[in-house]
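**Student:** Numbering (my numbering), first residue to last: 1 to 52.
Incorrect hints may appear among the rest.
Unchecked claim - Capping the alpha-carbon separation at 25 Å, the derived lysine to any residue pairs in SDA-like fashion look like this:
no.: 1; residue 1: K4; residue 2: Q37
no.: 2; residue 1: K27; residue 2: A45
no.: 3; residue 1: K4; residue 2: P28
Simulated from the structure, these hints should not be mistaken for lab results.
Note that this is a predicted model, so its numbers are computed, not measured.
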Amino acid sequence: AGNKAGCKTILLNIGNETEWAEGPFRKPTFVASNFLQAARFICNASIETLVI
Numbered sequence: 001a002g003n004k005a006g007c008k009t010i011l012l013n014i015g016n017e018t019e020w021a022e023g024p025f026r027k028p029t030f031v032a033s034n035f036l037q038a039a040r041f042i043c044n045a046s047i048e049t050l051v052i
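Work out the full structure: start from the sequences and follow the hints.
**Tutor:** Structure below.
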């Protein structure tokens, strides 16, 4: 839904999804293996690149 809306997206890949199938609307901007990595990505992104 985020990509279709033009937003940047983060996939939090912690093993809850048994099968990940990447597609044209299912390609995250960033893949994080934990919340800390996701938070660091968000904090390091410039304001211009984030859609709020």
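**Student:** All hints, please: hold or fail.
**Tutor:** The hints, checked one at a time:
For the suggested pair K4 and Q37, the alpha carbons sit about 24 Å apart, so the restraint of at most 25 Å is met. With a C-alpha separation of about 18 Å, the suggested pair K27 and A45 falls inside the 25 Å cut-off, and the hint holds. A distance of roughly 11 Å separates the Cα atoms of K4 and P28; the hinted pair therefore holds under the 25 Å criterion.
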